[in-house]
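One letter stands for each residue in the lines below.
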Amino acid sequence: MPRRIHVLPEKLANQIAAGEVVERPASVVKELVENALDAGATRVEVVIRNGGKTEIRVSDDGHGMGKDDALMSMDRHATSKVRSEADLAAIRTLGFRGEALPSIASVSRMVLETAERDGDGTRVVVTGGQMAAVEACARRTGTTLAVRSLFFNVPARAKFLRTTAAESRAVVETVTTLALAHPGVGFVLDANGREALNLPPAAGAAERIAAVWGPETAGELIPVAHREAGVGVTGLVQRPHSSRPGSRRVYLFVNGRSFTDRSVVRAADRAYRTTIPEGVYPSLFLFLDLPDGEVDVNVHPAKAEVRFRDRPAVERAVEEGIRATLAGLESTPSIGTRAPQDGVPSFTYASPRQPPAHVREAPGTWGAGNGRAYAYGNPSTPSVPSSPGGTPGTTLPGEPQMTLFVAGAPEALKDEADAGSSIPPIVSPDLLGSAPVMWQVHSTYILVETRSGLLLVDQHSAHERVLYEELMRDFGSGSRESQRLLFPLTLRLSPAEFSVVEEVRGVLERAGFEVEPFGGRAVIVHSVPNPHPNFDAERCLREMIAELTEGSSLIDGARTQHQRIALTFACKGAIKAGQKLSQREMGELFDRLFATELPYHDIHGRPTVVQLSLTELHRRFGRSA
Amino acid sequence: MRFTITRENLQQGLGAVAGAIPTRTTLPVLANILIEAEGSEVRMSGTDLDTSVSVRVPAEVAEAGAITAPAKKLQEIARELPGSVELSAQGDSISISSGRTRFKLNGLPRDEFPAFPRVDFEESWKLTGPDLQRLISHVSFAASTEETRPILNGVLWQLSSGEMRMVATNGHRLAKMTLPVESSAELTAVDLIVHPRALGQVQRLLGSSAQVEVARSENHIGFQGGGVQVFTRLIEGPYPNYEQVIPKDNDKQLVADKGALTAAIRRMAIVASDQTHRIRIALGGSSLKFSVETPDLGAAAEELPVEYDGDPLEIGFNAQYLLELLRYMPTDEVRLTFKAPERAATIQPVGNEDTPDYLCLVMPLRLLS
Ligand SMILES: Nc1ncnc2c1ncn2[C@@H]1O[C@H](COP(=O)(O)OP(=O)(O)OP(=O)(O)O)[C@@H](O)[C@H]1O
Ligand SMILES: [Mg+2]
Chain A
1 MPRRIHVLPE
11 KLANQIAAGE
21 VVERPASVVK
31 ELVENALDAG
41 ATRVEVVIRN
51 GGKTEIRVSD
61 DGHGMGKDDA
71 LMSMDRHATS
81 KVRSEADLAA
91 IRTLGFRGEA
101 LPSIASVSRM
111 VLETAERDGD
121 GTRVVVTGGQ
131 MAAVEACARR
141 TGTTLAVRSL
151 FFNVPARAKF
161 LRTTAAESRA
171 VVETVTTLAL
181 AHPGVGFVLD
191 ANGREALNLP
201 PAAGAAERIA
211 AVWGPETAGE
221 LIPVAHREAG
231 VGVTGLVQRP
241 HSSRPGSRRV
251 YLFVNGRSFT
261 DRSVVRAADR
271 AYRTTIPEGV
281 YPSLFLFLDL
291 PDGEVDVNVH
301 PAKAEVRFRD
311 RPAVERAVEE
321 GIRATLAGLE
331 STPSIGTRAP
341 QDGVPSFTYA
351 SPRQPPAHVR
361 EAPGTWGAGN
371 GRAYAYGNPS
381 TPSVPSSPGG
391 TPGTTLPGEP
401 QMTLFVAGAP
411 EALKDEADAG
421 SSIPPIVSPD
431 LLGSAPVMWQ
441 VHSTYILVET
451 RSGLLLVDQH
461 SAHERVLYEE
471 LMRDFGSGSR
481 ESQRLLFPLT
491 LRLSPAEFSV
501 VEEVRGVLER
511 AGFEVEPFGG
521 RAVIVHSVPN
531 PHPNFDAERC
541 LREMIAELTE
551 GSSLIDGART
561 QHQRIALTFA
571 CKGAIKAGQK
581 LSQREMGELF
591 DRLFATELPY
601 HDIHGRPTVV
611 QLSLTELHRR
621 FGRSA
Chain B
626 MRFTITRENL
636 QQGLGAVAGA
646 IPTRTTLPVL
656 ANILIEAEGS
666 EVRMSGTDLD
676 TSVSVRVPAE
686 VAEAGAITAP
696 AKKLQEIARE
706 LPGSVELSAQ
716 GDSISISSGR
726 TRFKLNGLPR
736 DEFPAFPRVD
746 FEESWKLTGP
756 DLQRLISHVS
766 FAASTEETRP
776 ILNGVLWQLS
786 SGEMRMVATN
796 GHRLAKMTLP
806 VESSAELTAV
816 DLIVHPRALG
826 QVQRLLGSSA
836 QVEVARSENH
846 IGFQGGGVQV
856 FTRLIEGPYP
866 NYEQVIPKDN
876 DKQLVADKGA
886 LTAAIRRMAI
896 VASDQTHRIR
906 IALGGSSLKF
916 SVETPDLGAA
926 AEELPVEYDG
936 DPLEIGFNAQ
946 YLLELLRYMP
956 TDEVRLTFKA
966 PERAATIQPV
976 GNEDTPDYLC
986 LVMPLRLLS
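Sequences listed follow chains A and B, in order.
Going by this note's numbering, 624 is the number at position 624 of the first sequence; the sequence numbering is gapless.
For this note's numbering, add 625 to where a residue sits in the second sequence, where the first one is 1.
Mixed in with the good hints, there may be bad ones.
No more than 30 Å apart at the CA atoms, straight line, and that leaves these computed lysine-lysine pairs for DSSO-like [stated by the list, open to error]: (1) B:Lys729 with B:Lys873; (2) A:Lys580 with B:Lys873; (3) B:Lys697 with A:Lys580; (4) B:Lys729 with B:Lys751.
Here are the in silico distance ranges between beta carbons for each label pair [as the list claims (entries may be wrong)]: (5) A:Arg248 with B:Glu949: 53 to 61 Å; (6) B:Ser718 with A:His442: 54 to 62 Å; (7) B:Arg774 with A:Pro312: 49 to 57 Å; (8) A:Ala577 with B:Gly724: 38 to 46 Å; (9) B:Asp745 with A:His442: 43 to 51 Å.
Facing chain B, from chain A, some residues (calculated, C-beta under 7 Å) [what the hints assert, rightly or not]: (10) Ser247; (11) Glu320; (12) Arg480; (13) Ser482; (14) Glu509; (15) Ser527.
Think of the hints as simulated: they come from the structure by calculation, not from any bench.
Beta carbons are placed, not taken as given, at the ideal position from N, Cα and C, and that holds for glycine.
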């Protein structure tokens with residue numbers, strides 16, 4: 001009997017492997033740029049023609065290869081990156097299979113030019129997997145790989161290539177992704193003679209994002225830095241109120257490697273719950289840092305996915321990390337532009353246990369320039385114009401009042417400025433000085449002085465957040481205080497409303513509303529919660545029942561009945577705009593707001609707080625340097 | 626208009642009216658006092674459109690007439706003047722002179738000042754100031770200050786031939802007091818709902834008058850006595866049926882020392898929640914046990930020996946309500962009655978002749994789970 005099984009000739013084996021690794025020009029670009037990064041390049045230049053269908057050229061200034069290595073690199077399973085199984089578990093390079101170059105070479109005309117430091121250059125030409133030439137050449141340290149006529153010998157695959165524009169887009173996306181993971185490396189992408197990307201080496205992800213999408217996009221982002229159970233999460237996420245439907249960007253990286261993962265994204269979205277409207281998803285740029293062995297990168301032919309040993313721990317760290325960020329003042333909008341600064345956080349930890357320092361500095365980092373010296377007017381310059389010729393003793397209407405003392409540099413401001421970037425984090429207890437004076441404007445907003453400027457609080461939004469979290473907490477602890485009424489309320493309901501009330505009566509009661517059927521479709525309410533002195537229990541309950549019956553974008557996103565009730569109660573029961581508040585009431589609202597988990601966001605995806613930094617004030621008054 | 630008046634009379638008149646002048650108003654004339662000189666008196670009036678006050682003080686009127694003057698400035702001037710005052714008006718300009726001091730103020734013509742409600746005192750109840758004062762001071766505090774149920778913002782005042790009663794509540798606690806009155810005329814019983822602010826003026830200006838005449842028109846009520854008149858707009862009824870909610874079968878009763886009770890509750894209140902102020906009271910044995918437990922804050926407990934032999938009961942209250950009601954109790958001992966954790970409790974004074982029929986009640990705070 002003839003043997004049925006035989007070993008494939010190498011060329012065919014490479015072509016089959018190429019089927020998995022090389023799908024389109026963008027996959028070639030990915031493999032080549034990854035090789036360049038593995039070679040320690042500080043600058044990578046990518047040129048594509050015709051979306052890469054005609055030519056792809058990737059040049060780097062990495063360590064290059066000697067002649068022997070250059071030849072070896074074209075062999076299957078030839079790699080300098082892994083020697084043992086243990087190496088694979090601890091892999092920190094992007095490549096590890098030794099498959100990319102032979103696979104690409106088997107379906108294209110490839111020219112490799114490379115030189116080591118102080119070494120001669122080598123040119124290797126491979127056509128359709130066949131070594132065509134090996135020769136010396138002159139070049140400086142680094143490697144250039146040119147891939148022409150992709151799939152020239154596999155017409156079936158060539159047919160699947162899309163338009164030049166589509167393939168170019170995919171290449172831009174690929175280079176962008178790699179560039180985000182390696183902000184310290186400069187990237188240039190030339191597509192058909194047009195510069196599609198030009199990214200100089202950046203200090204961190206934020207700066208790189210600004211270089212790719214512009215400072216506005218970067219300004220909408222807030223830094224995440226969190227470590228939990230060995231999982232480090234850093235990066236940037238979008239401020240809830242900046243997020244708009246359909247404009248989301250998601251980039252996930254683990255140990256410097258990009259990956260896609262729906263449930264990690266879902267974990268991030270969970271963190272945003274109640275801070276963002278339904279159907280709006282924030283942009284995410286997350287960098288996970290896991291110990292060796294915790295992540296298996298060898299599960300997907302194009303390395304697009306990874307496997308986590310402890311997936312729940314990863315998802316928890318992502319959710320918690322983002323939540324912690326959203327709990328911070330940086331997640332609120334501010335008056336004035338936020339431009340990314342020099343010294344953008346680099347997203348590395350000094351030590352895993354240490355709280356990430358740049359989170360603390362974030363307000364300054366993202367504000368309008370912290371740590372700068374302010375130039376005040378010359379102290380000897382009178383700040384008030386003197387009125388020449390004014391008759392002593394008579395002050396005409398409109399005449400400025402003479403001051404006894406000429407103002408110099410305001411001491412308080414100088415202190416603030418000197419403190420510079422050492423201004424401690426803005427968190428609730430230190431947020432306000434002792435006995436802060438709060439000022440209610442238009443019976444709607446509360447204005448309060450903080451250590452670094454001003455905060456404007458929307459009283460209704462703030463109270464919504466407070467009521468929501470307090471009720472959720474009371475649901476958890478199992479009890480809630482409720483005021484018995486001298487004159488019970490009777491509500492006549494529509495049939496639909498009545499059946500909703502019957503359904504949620506138990507939860508309503510745990511929310512503090514003792515409701516009983518009262519014959520027909522009426523209910524009687526014996527006791528009500530009392531969240532503030534002007535609480536209109538009847539109106540609140542009526543509106544809650546209507547919302548629960550008709551549904552709304554607010555409550556439709558809720559996962560549990562308890563959440564539904566808590567959301568609608570918070571929305572309907574909170575202090576309204578237009579309600580006058582006393583100093584004490586404002587103070588209490590503040591304390592309760594900052595006792596919540598997400599004090600800076602109401603439950604509709606709006607901010608509760610807008611900040612106006614002293615720096616911004618200085619800027620507007622022309623005081624800043 | 627021109628008249629001379631002693632500084633004291635001017636100050637007294639202005640002081641009486643000042644309370645009726647709104648601190649902020651969109652209608653400028655309301656910040657003014659109406660001054661009318663005629664015969665041997667000057668009448669000063671102020672209004673916030675809901676409540677109006679006018680006072681008559683003696684003066685030497687040289688030329689009758691009327692003007693309105695900015696209340697605050699006039700009061701400040703009166704306070705600083707050295708002696709008796711001559712006040713005259715020429716057009717809208719007011720001249721004030723005293724000793725060697727002269728002031729000029731801009732007034733507004735009298736016809737810009739809103740007309741006072743017309744109330745006919747021909748048919749009036751004749752009451753004493755102290756009786757009114759007693760009712761108002763014990764009841765009107767309990768009216769609601771929320772805007773959610775306007776009717777509860779008023780004090781119910783029930784007048785009949787033999788007695789009068791005031792009731793006020795915010796729906797969580799209630800105060801009620803009844804006093805006997807000797808009425809001369811045969812008048813039909815009425816229920817009036819009056820804003821506590823107006824009652825405050827009545828108490829202040831007429832509380833010591835030997836006789837206060839009270840009369841009403843369709844929408845207003847007027848009080849007069851000793852040269853003072855107070856008018857106010859009535860709040861439209863009907864008032865909720867309070868009789869029905871006053872417990873009649875509270876079978877758990879005890880008498881306690883008001884001071885000791887107040888002190889104990891004040892201590893508990895320190896660690897009560899800022900929002901609900903909830904404290905717990907347990908009856909049983911011969912003590913009243915107070916306790917409070919607030920998550921994230923702390924706990925406290927205290928026992929007060931009392932005479933009690935009824936069934937045990939545990940009930941929660943807003944400590945602020947209890948303290949407030951105790952503050953208004955006119956006697957050293959108070960009687961508390963209870964029925965069940967979800968039913969109203971009552972507090973009454975013990976052993977007073979002065980205010981025999983005074984009752985406060987408070988609804989409990991429940992802990993739902
Ligand atoms: N730009 C480059 N500079 C220096 N050495 C390179 C470069 N590109 C490839 N090499 C060398 O060639 C080898 C083969 O590259 P190839 O991409 O085929 O495999 P790999 O990167 O090791 O693994 P993988 O198949 O996972 O990408 C690499 O291990 C590396 O030593
Ligand atoms: Mg590789």
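Each hint tested on the structure:
{"no.": "1", "hint": "B:Lys729 with B:Lys873", "in the structure": "64 Å, violated"}
{"no.": "2", "hint": "A:Lys580 with B:Lys873", "in the structure": "39 Å, violated"}
{"no.": "3", "hint": "B:Lys697 with A:Lys580", "in the structure": "25 Å, holds"}
{"no.": "4", "hint": "B:Lys729 with B:Lys751", "in the structure": "43 Å, violated"}
{"no.": "5", "hint": "A:Arg248 with B:Glu949: 53 to 61 Å", "in the structure": "54 Å, holds"}
{"no.": "6", "hint": "B:Ser718 with A:His442: 54 to 62 Å", "in the structure": "37 Å, violated"}
{"no.": "7", "hint": "B:Arg774 with A:Pro312: 49 to 57 Å", "in the structure": "51 Å, holds"}
{"no.": "8", "hint": "A:Ala577 with B:Gly724: 38 to 46 Å", "in the structure": "53 Å, violated"}
{"no.": "9", "hint": "B:Asp745 with A:His442: 43 to 51 Å", "in the structure": "44 Å, holds"}
{"no.": "10", "hint": "Ser247", "in the structure": "40 Å, violated"}
{"no.": "11", "hint": "Glu320", "in the structure": "21 Å, violated"}
{"no.": "12", "hint": "Arg480", "in the structure": "5 Å, holds"}
{"no.": "13", "hint": "Ser482", "in the structure": "5 Å, holds"}
{"no.": "14", "hint": "Glu509", "in the structure": "5 Å, holds"}
{"no.": "15", "hint": "Ser527", "in the structure": "6 Å, holds"}
This entry does not satisfy hints 1, 2, 4, 6, 8, 10 and 11, going by the numbered hints stated previously.
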